[in-house]
Amino acid sequence: MLRLENISAAYGYLQVVWDVSLEVKKGEAVSILGLNGAGKTTVLKVIAGIKEPKGGKVYFDGEDITGVSTDKLAAKGLAFIPEERNLFNAMTVYENLVMGGYTKDKVTVNRNLEYVHSLFPRLKERDKQLVGTMSGGERQMVAIARGLMSNPQLVMLDEPSMGLSPQNTLVVFDALQKLREEGTTILIVEQNVNTTLQFVDRAYIMDQGRIVLSGDSEALRKDDSIQKMYLGMG
Amino acid sequence: MVNILITALLRGGMYSLMAVGLSLVYGVMNVANFAHGEQYMLGTYFGYFCFMGLGLNPFLCFILALGGGFFIGALTEVVIFSPLRKRSGRNWLMNTFLLTLGLSMILKSGTKLLFGNSYRGITSYFKGTVSLAGFSASKDRVIAFVIAVVVIAVVMVFLNKSKFGRAIRAVSMDATGAQLVGIKLKRIYIVTFGLSCGFAALAGAALLSLTPAYPSNGTQVLYASWVVLILVGLGNVGGSIVGGILVGLLETICIQYLGAAWQDVFALSVVILILLVKPNGLFGKGVKSSVE
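Quick mapping for you: the protein sequence lines, in order, are chains G and E. Residue numbers for the first sequence follow the working numbering, beginning at 1 and rising by one. Residue numbers for the second sequence follow the working numbering, beginning at 1 and rising by one.
It is possible that some hints are incorrect.
Said to hold, decoys possible - Lysine-lysine pairs mimicking DSS-like chemistry, simulated, CA-CA at most 25 Å apart:
| no. | chain 1 | residue 1 | chain 2 | residue 2 |
| --- | --- | --- | --- | --- |
| 1 | E | K184 | E | K163 |
| 2 | G | K76 | G | K26 |
| 3 | E | K86 | G | K104 |
| 4 | G | K104 | G | K178 |
| 5 | E | K184 | G | K104 |
| 6 | E | K161 | G | K72 |
| 7 | G | K76 | E | K163 |
| 8 | G | K128 | G | K72 |
| 9 | G | K54 | G | K106 |
| 10 | G | K76 | E | K184 |
| 11 | E | K163 | G | K57 |
| 12 | G | K178 | G | K25 |
| 13 | G | K72 | E | K86 |
| 14 | E | K278 | G | K72 |
| 15 | E | K161 | G | K106 |
| 16 | G | K51 | E | K161 |
| 17 | G | K76 | G | K54 |
| 18 | G | K26 | G | K104 |
Unchecked claim - Sample of chain G residues facing chain E (criterion: CB under 7 Å; computed from the structure):
| no. | residue |
| --- | --- |
| 19 | Y59 |
| 20 | V68 |
| 21 | D71 |
| 22 | N89 |
| 23 | A90 |
| 24 | T92 |
| 25 | Y94 |
| 26 | G100 |
| 27 | Y102 |
Derived by calculation from the structure, the hints in this document are not laboratory data. Since we're looking at a predicted model, the values are computed, not measured. Just so it is clear, CB atoms sit at the ideal spot from N, CA and C, and this is done for glycine as well.
Chain E with its partners taken away, still in its complex shape:
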């Protein structure tokens, strides 16, 4: 039982990080991002080339992946979403869905074109295992989990305590109101999308020893992130943390008792059940907000 819980935590930490990014983007920018998995995928390549190609310290690799992801995200906002925002009216959400779906295909195929279809993986960043109360996990897993926890904690403090973080939350609650007090939406959008992609890339890099870099490795992660979001309610950043762990738990239980092949079926069935009872998600509320 303890084993299952620990495995679930380790597995869920990164789901939480991915979901927090996805949730932030949905809550603040009203963008349904279906290229989130590919941003994770780019992160795995960042990790691989930094670690194997340049032989850098793993932590430096993670930071570079985060930075690279941020840059790609910021670029996406400036080049793709910003022009769309000027022309798209009522169909904005649907348009972002189609646009990011297209972006996801372009990134996937582009990567395939550049690097081919081969798997580029590593056995581990850090050799050895960590034992705790009779349970042992690879160091990589534990470190990835710790990174997820630290980054999420930093993000929560940033959103709740800093001036810019508050402004991001303000935009998520009322964009017009935010403009009225003098917040520049453009900057908020650039930073928000940048952060979200940065987190996805960081997750990709940190989990490289578990999922090697290859062009379509983001699909599974994208589904898991959306499952978390739908589970806890769209745009709920605080809930995404819990949701990530929950999905980790569901998958672990499934792998333990039913077999790994059933994990998607199991997770999605639970989502359908929850939505039948609570259509707004587990923590869905009337008041719209991205951080609670």
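Isolated chain G (complex conformation):
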């Protein structure tokens, strides 16, 4: 479904991603793990067309989408839920969700609204609240729900548990679990290693801009040396 070939990326003269190749198959949940500054977010931004790569190719559904502008990807079935959330703060929850279905017709929007409300009942209660006045956890729910409004085939999440209470982290991962069971493909970037490895099928480990390791999450979880070396858990 998603394939990266030798992606490298730089900010000015500073190269932060070197030669990253990875693949996400249909229906899989895959994670990119690594420390702060390892280049994980940059990889996602390259896929989402927010950051132009210095080299390499991105294929989505067999189609070359390298350098395709961000606004075209929603219609193609790719949703990116960034760490910054990028919500519309002075709009209500309802308006944010409707904007999420910008490329869809009214019937689809209403159907999807019902769906995301079933996923996050709290958002239905907060329908008329301005997003700018919500807590971090609620905002993350809005961000995920807004991403799902476009019927994505692939959902990419950047640090969904960032700044959330343990309780809200659970709510978010429960929702992701449901998505998975329904067959949505998920690519997730996280620092929260243990929770993530329990959730995904496979993971890539990044360090200093390169993929240094990859494998089944089961194997990675048992690998002590890896946890110590790259994830700082003694």
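For this one, chain G is given, so just place chain E on it according to the hints.
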């Protein structure tokens, strides 16, 4: 007292319309437009040539001015801002300021070159006055005010209720977020700048009997619009409506009690005072948004 209020309303309506356009452009595109006055100026010429040259119905003149302004605005975005956006990074806002300042000079001098320095005015579009509660105002003034109110109302409904309007607001709040949901920024920018210039041109055409068409007639209007914006907080469209009326009121009070020569001094002094107390403007808030 009632007289002052009515005069202020009539005067402020068009300031509101100008400020709404300026505010929209600042909020959505992050452009500090200093050619807004010249877009008003072009509107006065549109009005003059449509009405005196072609002898068209005044309302048709207004619509043509609006359309012409929209076209010029859209063209400005495509030819000037779009290429700049690709190359300008951190200094974007400053660059738009310099660029529009240059554009303002080019438009001013270009008009001077084409039409000379003479005043082209009309005495009135509509003859007669309207009387209300012992107060009378020229029909032109009242109609200009009504136009401003109607256009602002339509814009507010458009921004809040229509899909495209919502998209414009979304871009003003978070451009990246807007792209993520599939909004094409290019179109939003073209329409936004087009609308803003259209409003300025409409204001120019509608007020032709008060300010005749001449190359530098936009300067005063530009200042008034920026005063409104700074007063209510940058990029606040809803606040701009109130702000326009407020500036109208300030000027009217000043003209009444101090004399017309002091109106800029008075308005600017009040702005300085307000900024000393509330640096974000009267309605400035932490949450960034162009429409509230």
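Hint by hint, which ones does this structure get wrong, listed from lowest number up? Hints 3, 8, 9, 11, 14, 16, 19, 20, 24 and 25 contradicted; others consistent.
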